[in-house]
Amino acid sequence: MQDLELNTIWKQYDEKLEQARLLNLQSWALNLQSFEMHQQLKANATLGKLASYKMLLVVLGMAWVVFLAFLVFHSLSWGKVFFVVSTSAIAIITFIAVLVYVRQVMLLKEITNTDSVLQAQQKITRLQTGTIRIARILFLQSPFYCTWFLTVDMIQKNPLEFWFITVPVFSFFTVVSVWLYFNIHFKNAHKKWFQLLFSSHEWTALLKARSFYEEVEDFKKELDVK
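FYI, numbering that gives the first Met the number 0 numbers position 127 of the sequence shown as 126, with every residue one higher than the one before it.
Hints may contain errors.
[As the list claims (entries may be wrong)] Pair ranges (Cβ atoms, derived):
id, residue 1, residue 2, range
1, G47, L75, 39 to 45 Å
2, W162, R125, 42 to 48 Å
3, S198, L59, 19 to 25 Å
4, K156, F94, 41 to 47 Å
5, V99, G47, 16 to 22 Å
[As the list claims (entries may be wrong)] List time: in silico BS3-like cross-link candidates among lysine-lysine, alpha-carbon distance up to 30 Å:
id, residue 1, residue 2
6, K156, K186
7, K48, K186
8, K108, K122
9, K190, K48
10, K108, K41
None of these hints come from the bench; they were simulated from the model.
Think of the CB as a built atom: it goes at the ideal place given N, C-alpha and C, for glycine as much as any other residue.
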């Protein structure tokens with residue numbers, strides 16, 4: 000009789016433990032779902048503003064490319080060879096950057112439509128990589144801003160000014176732009192010069208959105224520990 004009562008008590012105790020465990024799991028799932036949804040809403044709001052900003056840059060970039068192409072078309076002469084080459088280079092580099100921006104806008108739309116935190120984080124990483132790529136490309140324009148105003152007549156009339164001012168300045172910006180092209184990389188993200196260059200709205204918005212998703216992962220770990 001005592002054994003039967005003891006087994007009944009143990010069975011009831013096990014049932015209560017199972018119920019408590021199920022309630023705890025339900026509470027865990029609800030808390031995680033609620034927190035994850037809240038973080039996604041904040042991330043989507045940040046990325047939505049970034050998408051609008053990048054779309055504006057796409058429009059302005061294309062307008063700038065068309066304007067430069069117009070200038071080049073009406074300047075095709077030997078006397079303006081420096082202007083044609085420099086302006087064409089700036090237009091081509093800007094156009095490449097615009098194409099990258101278009102792809103980034105599409106990625107931003109994909110992130111705001113995904114329910115997976117992992118996928119969102121992966122796409123944000125791709126956006127950060129694209130932002131770095133754009134910066135590297137755009138810095139290659141720098142030397143051409145030092146030569147677009149030159150003409151053959153100017154060089155013939157002022158050769159000393161060309162060789163001792165224009166050429167050194169052009170060389171300096173060329174070296175700097177090439178150095179930046181090869182050194183702007185994630186591995187240098189901790190350095191002050193990198194943080195100074197990437198203190199723009201685009202980069203900080205991506206970091207902010209990433210932090211929202213990282214908080215979800217941290218929250219999961221806390222719940223697992225509990």
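- Which of the listed hints are broken here? 4, 6
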